[in-house]
Amino acid sequence: MTLPEAMTSTAPDGEAYRLPAAEELQTLLRGAEALADRGPVVVVQGLGFVGAAVAAAVAGLRDASGHPRYQVVGVDLPTPGGYWKVARINAGRSPFASPDPALASLIRQAVLETGNLRAACSEDVYALADTIIVDVPLDIADRSTVDPGALHVDLAAFRNAIAAIGRHMRPDALVLVETTVPIGTTEQVVAPILAQAFRDRGLPGTPLVAHCYERVMPGPRYIESIRSFWRSFAGMDAASSTRARAFLETLVDTPVHPLAELAAPRATELAKLLENSYRAMNIAFIQEWTVAAEALGIDLFAVVDSIRVRRGTHDNMRYPGFGVGGYCLTKDSLLAQWSLGNLFSTGLTLPMTLEALRTNYAMPLHTLSRTREFLGGSLRGRTVALCGVSYLAEVPDTRNTPAEQFVDGLEAEGGRALCHDPSLGWWPERPGTVIHPDLPEVLGQADAAVFATPHAAYRRLAADDLAAWTRPGTLLVDAMNVLDDATAEALRAAGRRVFGVGKGHWIDKGYHL
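Taking the numbering used here, I'd label the letters of the sequence shown as residues 1151 to 1663.
Fair warning: there could be bad hints in the mix.
What follows is a set of in silico ranges between Cβ atoms, one per label pair, in the way DEER data are often shown [to be verified]:
1) G1564 to E1174: 43 to 51 Å
2) E1399 to Q1595: 21 to 29 Å
3) G1497 to R1293: 18 to 26 Å
4) F1379 to D1187: 47 to 55 Å
5) D1614 to Q1176: 55 to 63 Å
6) I1457 to T1356: 33 to 41 Å
7) A1606 to A1184: 34 to 42 Å
8) S1495 to A1452: 47 to 55 Å
9) T1496 to R1351: 33 to 41 Å
10) E1173 to F1379: 24 to 32 Å
11) P1354 to E1174: 31 to 39 Å
12) Q1595 to F1494: 50 to 58 Å
13) T1499 to A1643: 31 to 39 Å
Simulated from the structure, these hints should not be mistaken for laboratory data. Built from N, CA and C at the ideal position, the CB exists for glycine as well.
Build out the structure end to end from the sequences listed, making use of the hints.
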């Protein structure tokens, strides 16, 4: 029997879980409480793409005797959007598919073998913790709006999450904020909420609070990006910094990747936003050169490769692409701008940074425009196969995916999108949009096919396969460098038309005709 949607929690691959009753929530809590007598407890608040991986990485740490260094409890809400992560972890499964086998392996081992990882939904678990890591989301209302005066960040859910910690945490526990937050949040929001909770509970002293932003990369180096990567941190005071350093030195390979201690949490908060804004600006910069290269018949990928040999100054130059997605790059510049006018009354704006976001937001429309152009100037009545919905290869994450911009634009012009993605079973943000499982069937119905995510399954496709699955004259659009020159040439010889974003040399050779 199919349960009503309100009673289920559905994972990105489409697997549904019945929401727990009150007795089941208590059972989850008791499972977490059983860990408290076995060693130091780390509670991770939020089990999304960052929190789940952090919980796995911490649970996998060992002491000098080879025993688990920490007992770990992951916490998420018993809601349609949260419970499936709790259920999967308690079954010894990773909430998310990942090209990094270490993620699934660590969770399976910690739950089913060593027994030092559990997940729960009750805020009571914060009372168990020696260290509480905050990995809950904090979003901006409208990522398409870059007008400084129109930006809105709703801190209510984040405040509630911190308040839940304050109601239960021990006075000697460390609260380590990893969430990407507006500049000033740790000092002006987190610390005051916890301090008030201490006063309300009659607890002595000052809460131990530090900020250490995450650099988690949900790809083939998922766990390594937590354990073997540089981290910056800052405490609210000397005691907080000392505790934060002591914990981080057990998590991070600090002899190789030393910690950077900054002067105050506002410095580390700014560091995260600057770091991602720099990357977003790099992407926007290459986009305007992409358009130029296409107009001039130049292979911009070859050009960039020839420049990237300049190590230390140019080796991080970006390549052309479909667009920018994910949770961080699409919002972090906006958090910085919002904080300058709301948590601090500076009157400052970040014009270059905001212009980069405008460019990046419109990137998928360049691919849409080229698709329209090479289909004769109109998309009305046309069927386009969108190959790749997740914003990152091999990762089932559709948050702020540029595919959404593309599909919206296509449908607004009277076209139809047929979506395929080997990493997804459904599209959580667009439940009415079907993710079709059969690529040959999708391609066979299409007037054009756009490769929007460089999944390995697409990169492995041979020209013979694509020719067999498509009709003569079908336009194949390579928006993420999925097809090489030899494949493009073979497809054109087979009667298919080919265009590549940033590949002006294909236009020069008439592959699109």
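Return the numbers of the hints above that this structure violates; sort them in rising order. 2, 4, 6, 10, 13
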